[in-house]
Amino acid sequence: MKKIKIVIFLIMFSLNNVNAEVIEIKPNEIFKNLRCLICQGQSVADSNSDFAQTMKLVVRDQINDGKSEKEIYEFLIEKYGEWIVYKPPLNKANFILWILPYLVFAIGGVIIFLLLKKRENY
Amino acid sequence: MQVKIIKLLIVSIIIFIIGVFFISLDKNTSYDTKGLEGQILKNIKLEHFKENKFITEKYLKKNDFTLINFWASWCGPCRLEHPFLLKLKNEKNLKLIGVNFKDKKNSAINFLNDHGDPYHELAKDEFGKYSINFGIYGIPESILVNKNLVIIKKFIGPISENDYIYIKETIKK
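Residue numbers (the working numbering), protein chains in the order written: chain A, 1 to 122; chain B, 1001 to 1173.
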């Protein structure tokens, strides 16, 4: 009986750990995706500017308040516009930017296919 | 036929890339938050400078127009706009909220004693956290809002004479 209890305890413990890993938000990952608006080409993670320090405090507060990563980005985009994030969400305005790499990849594939086919014919 | 298609594709890609550069390089890339004009301010909560209370949306909704001004005693350009803020204090349908940003309490009080106090309400933002809710990224910055909490205009940098005239004309409408 004791052994069963220990096994159940270990299973519950491991499950809790797995769940904790799933919901845990790493502030540094968010900082890396936030642009420091007053710096030259630096993210909030890289910058020690006043603005970056404040941004870090606010993001940490929001994480402590239980906000998800998506909610934090949405809040900051609402206040500073999409420029604040390095990876903007997909929308009508930036649709072409998101789809372009795949389009180029597909076109490249077609070109290679045509070239190979042409070589075979010769 | 296939060679033609390939040539056409390559030419199209080159034209597309040139087109993107042509349009993008002609655009002004300097960032500001003026694009946020027209948005409605939400979750307004500012810690009062002297009293143990918060300035909230309730206060702003009472006024026809409110100018929220982020300033600090250590901020040089804030001195430039101060005379205009003092003049704006006399406008009937405008209230001024000053938000003292990352400043020492005594320095802020001395600044207002020396230069005059233009604010109807004074708040403090010790760590700059409240400023993020207003889309602030440097001071001085000011936000003109109406009764419905709609951002009419954001003034990035010190309020100039033209800005002063603009505010006067806007609140008279």
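Take these hints with a grain of salt, some might be off.
[Said to hold, decoys possible] List of simulated lysine-lysine pairs, DSSO-like, C-alpha gap at most 27 Å: (1) B:Lys-1124 - A:Lys-56; (2) B:Lys-1129 - A:Lys-56; (3) B:Lys-1102 - A:Lys-79; (4) A:Lys-67 - B:Lys-1053; (5) B:Lys-1095 - A:Lys-79; (6) B:Lys-1173 - B:Lys-1053; (7) B:Lys-1042 - B:Lys-1027; (8) B:Lys-1004 - B:Lys-1104; (9) B:Lys-1089 - A:Lys-67; (10) A:Lys-118 - B:Lys-1102; (11) A:Lys-87 - B:Lys-1042; (12) B:Lys-1042 - A:Lys-70; (13) A:Lys-117 - B:Lys-1102; (14) A:Lys-32 - B:Lys-1102; (15) B:Lys-1042 - A:Lys-79; (16) B:Lys-1124 - A:Lys-67; (17) A:Lys-26 - B:Lys-1173; (18) A:Lys-26 - B:Lys-1129; (19) A:Lys-67 - B:Lys-1105; (20) A:Lys-67 - B:Lys-1007; (21) A:Lys-70 - B:Lys-1045; (22) A:Lys-79 - B:Lys-1004; (23) B:Lys-1042 - A:Lys-56; (24) A:Lys-56 - B:Lys-1105; (25) B:Lys-1027 - B:Lys-1045; (26) B:Lys-1062 - A:Lys-56; (27) B:Lys-1058 - B:Lys-1004; (28) A:Lys-79 - B:Lys-1007; (29) B:Lys-1089 - B:Lys-1042.
[Claimed, not checked] Just the calculated beta-carbon pair ranges, DEER-fashion: (30) B:Lys-1027 - A:Leu-115: 29 to 39 Å; (31) A:Ile-96 - B:Ile-1040: 26 to 36 Å; (32) B:Glu-1169 - A:Phe-95: 12 to 22 Å; (33) A:Glu-74 - B:Leu-1080: 48 to 58 Å; (34) A:Val-104 - B:Lys-1062: 55 to 65 Å; (35) A:Leu-90 - B:Glu-1051: 22 to 32 Å; (36) A:Lys-92 - B:Leu-1009: 46 to 56 Å; (37) B:Lys-1087 - A:Lys-87: 10 to 20 Å; (38) B:Lys-1062 - A:Ile-96: 25 to 35 Å; (39) A:Phe-95 - B:Lys-1104: 26 to 36 Å.
None of these hints come from the bench; they were simulated from the model. Just so it is clear, the structure is predicted and the values come from calculations on it, not from any experiment. For glycine and all other residues, C-beta sits at the position ideal for the given N, C-alpha and C.
Hints versus structure:
Using a Cα cut-off of 27 Å, the hinted pair Lys-1124 (chain B) and Lys-56 (chain A) holds, with the two alpha carbons roughly 19 Å apart. Restraint check for Lys-1129 (chain B) and Lys-56 (chain A): the C-alpha separation of about 10 Å stays at or below 27 Å, so the hint holds. Taken as a hint, the Lys-1102 (chain B) and Lys-79 (chain A) pair is honoured in the structure, with Cα atoms around 20 Å apart against an allowance of 27 Å. About 26 Å separates the Cα atoms of Lys-67 (chain A) and Lys-1053 (chain B), which keeps this hinted pair within 27 Å; it holds.
At roughly 23 Å between alpha-carbon atoms, Lys-1095 (chain B) and Lys-79 (chain A) fall within 27 Å of each other, so this suggested pair holds. Annotation: proposed proximity of Lys-1173 (chain B) to Lys-1053 (chain B) is violated, straight-line Cα distance about 32 Å (limit 27 Å). Restraint check for Lys-1042 (chain B) and Lys-1027 (chain B): the C-alpha separation of about 31 Å exceeds 27 Å, so the hint is violated. Between Lys-1004 (chain B) and Lys-1104 (chain B), the direct Cα distance comes to roughly 72 Å. Violation of the 27 Å bound is thereby established for this hinted pair.
As the CA atoms of Lys-1089 (chain B) and Lys-67 (chain A) are separated by approximately 39 Å, the hinted pair breaks the 27 Å bound. A hinted pair counts as satisfied when its Cα atoms are at most 27 Å apart, and Lys-118 (chain A) with Lys-1102 (chain B) does not qualify at roughly 69 Å. Of the supplied pair hints, the one linking Lys-87 (chain A) and Lys-1042 (chain B) holds, its CA atoms being roughly 25 Å apart against a limit of 27 Å. A distance of roughly 18 Å separates the Cα atoms of Lys-1042 (chain B) and Lys-70 (chain A); the hinted pair therefore holds under the 27 Å criterion.
Pair hint Lys-117 (chain A) plus Lys-1102 (chain B) does not hold up; C-alpha atoms about 68 Å apart against a cutoff of 27 Å. Between Lys-32 (chain A) and Lys-1102 (chain B), the direct Cα distance comes to roughly 25 Å. Compliance with the 27 Å bound is thereby established for this hinted pair. Restraint check for Lys-1042 (chain B) and Lys-79 (chain A): the C-alpha separation of about 10 Å stays at or below 27 Å, so the hint holds. This hinted pair checks out: Lys-1124 (chain B) and Lys-67 (chain A) have alpha carbons roughly 25 Å apart, not beyond 27 Å.
Among the hinted pairs, Lys-26 (chain A) with Lys-1173 (chain B) is inconsistent with the structure: their alpha-carbon atoms are about 49 Å apart, more than 27 Å. Under the criterion of a C-alpha separation no larger than 27 Å, the hint pairing Lys-26 (chain A) with Lys-1129 (chain B) is consistent with the structure, at around 20 Å. Under the criterion of a C-alpha separation no larger than 27 Å, the hint pairing Lys-67 (chain A) with Lys-1105 (chain B) is inconsistent with the structure, at around 32 Å. For the hint pairing Lys-67 (chain A) with Lys-1007 (chain B), the CA-to-CA distance comes to about 51 Å; that exceeds 27 Å, so the pair is violated.
Proximity of Lys-70 (chain A) to Lys-1045 (chain B) is assessed by CA-CA distance (about 23 Å); at most 27 Å being required, the pair is judged to hold. A hinted pair counts as satisfied when its Cα atoms are at most 27 Å apart, and Lys-79 (chain A) with Lys-1004 (chain B) does not qualify at roughly 50 Å. Taking the CA atoms of Lys-1042 (chain B) and Lys-56 (chain A), the gap is near 21 Å; set against the 27 Å cutoff, the hint holds. Between Lys-56 (chain A) and Lys-1105 (chain B), the direct Cα distance comes to roughly 24 Å. Compliance with the 27 Å bound is thereby established for this hinted pair.
Of the supplied pair hints, the one linking Lys-1027 (chain B) and Lys-1045 (chain B) is violated, its CA atoms being roughly 36 Å apart against a limit of 27 Å. Between Lys-1062 (chain B) and Lys-56 (chain A) the CA atoms are separated by roughly 34 Å; this puts the pair beyond 27 Å, and the hint is violated. Taking the CA atoms of Lys-1058 (chain B) and Lys-1004 (chain B), the gap is near 68 Å; set against the 27 Å cutoff, the hint is violated. Between Lys-79 (chain A) and Lys-1007 (chain B) the alpha-carbon distance is near 46 Å, which puts this suggested pair outside the 27 Å criterion.
For the hint linking Lys-1089 (chain B) to Lys-1042 (chain B), the alpha-carbon distance of about 25 Å falls within 27 Å, and the restraint holds. As the Cβ distance of Lys-1027 (chain B) to Leu-115 (chain A) is approximately 37 Å, the hint placing it in 29 to 39 Å holds. At about 30 Å, the CB distance of Ile-96 (chain A) to Ile-1040 (chain B) agrees with the hint of 26 to 36 Å. Hint check: Glu-1169 (chain B) to Phe-95 (chain A), Cβ distance near 40 Å, so the stated range 12 to 22 Å is violated.
Checking the proposed 48 to 58 Å range against Glu-74 (chain A) and Leu-1080 (chain B) shows it is violated: the Cβ atoms sit about 36 Å from each other. At about 56 Å, the beta-carbon gap between Val-104 (chain A) and Lys-1062 (chain B) stays in the expected band of 55 to 65 Å. One distance hint, 22 to 32 Å for the beta-carbon pair Leu-90 (chain A) and Glu-1051 (chain B), is violated here, with the actual separation near 46 Å. Separation of Lys-92 (chain A) from Leu-1009 (chain B) is about 26 Å and departs from the stated range, judged on CB atoms against 46 to 56 Å.
Evaluation of the 10 to 20 Å hint for Lys-1087 (chain B) and Lys-87 (chain A) yields a failure: the beta carbon distance comes to about 45 Å. At about 46 Å, the beta-carbon gap between Lys-1062 (chain B) and Ile-96 (chain A) misses the expected band of 25 to 35 Å. Phe-95 (chain A) and Lys-1104 (chain B) have their C-beta atoms about 49 Å apart, which leaves the hinted 26 to 36 Å range violated.
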